[in-house]
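Asker: Sequence:
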Amino acid sequence: MSFHALFLEVSGWLAVDPTVDLNPPAQAPPGKVGEAANTILGWMKWGGLVGSVGAFIASGIMMSVGRRNRNNMAVDGAAGVPWIVGGLALILGSASLVGFLI
Numbered sequence: 002m003s004f005h006a007l008f009l010e011v012s013g014w015l016a017v018d019p020t021v022d023l024n025p026p027a028q029a030p031p032g033k034v035g036e037a038a039n040t041i042l043g044w045m046k047w048g049g050l051v052g053s054v055g056a057f058i059a060s061g062i063m064m065s066v067g068r069r070n071r072n073n074m075a076v077d078g079a080a081g082v083p084w085i086v087g088g089l090a091l092i093l094g095s096a097s098l099v100g101f102l103i
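Numbering follows the working numbering, with no gaps: position 44 of the sequence shown is 45.
Any given hint could turn out to be false.
Pairwise CB distance ranges, derived in the manner of DEER restraints [stated by the list, open to error]:
| hint | residue 1 | residue 2 | range |
| --- | --- | --- | --- |
| 1 | S95 | G32 | 19 to 27 Å |
| 2 | L102 | R69 | 18 to 26 Å |
| 3 | L102 | A38 | 13 to 21 Å |
In short, the hints are calculated from the structure, not lab data.
Think of the CB as a built atom: it goes at the ideal place given N, C-alpha and C, for glycine as much as any other residue.
Construct the entire structure; sequences and hints are all you get.
Answerer: Given below as structure tokens:
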């Protein structure tokens, strides 16, 4: 990008009227689409939470079974815990994350 093009972009950005609302409030979706979307998102969230609990249980089983003579299995179970916590944080914080980005 040339300096001239960059200057034009910045000057256009600075020329925006400060009284204009650049982030208008969200409108409700038409009809029953919003209700259906909330139902689907709720099911997905609960499915993710149930899957996370199952993954924690599976990691615990792998660590306890792999305690003797199967060290690799115990290591794999322990290595899965940070991934489970990261996925759980992403599931629980997804609405806030999307709201922050938009």
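Asker: Against this structure, judge whether each hint is valid.
Answerer: Hints and how they fare:
1. S95 / G32: 19 to 27 Å: Since the Cβ atoms of S95 and G32 sit about 25 Å apart, the hinted range of 19 to 27 Å holds.
2. L102 / R69: 18 to 26 Å: 47 Å, violated
3. L102 / A38: 13 to 21 Å: 18 Å, holds
Of the numbered hints listed earlier, the single one contradicted by the structure is hint 2.
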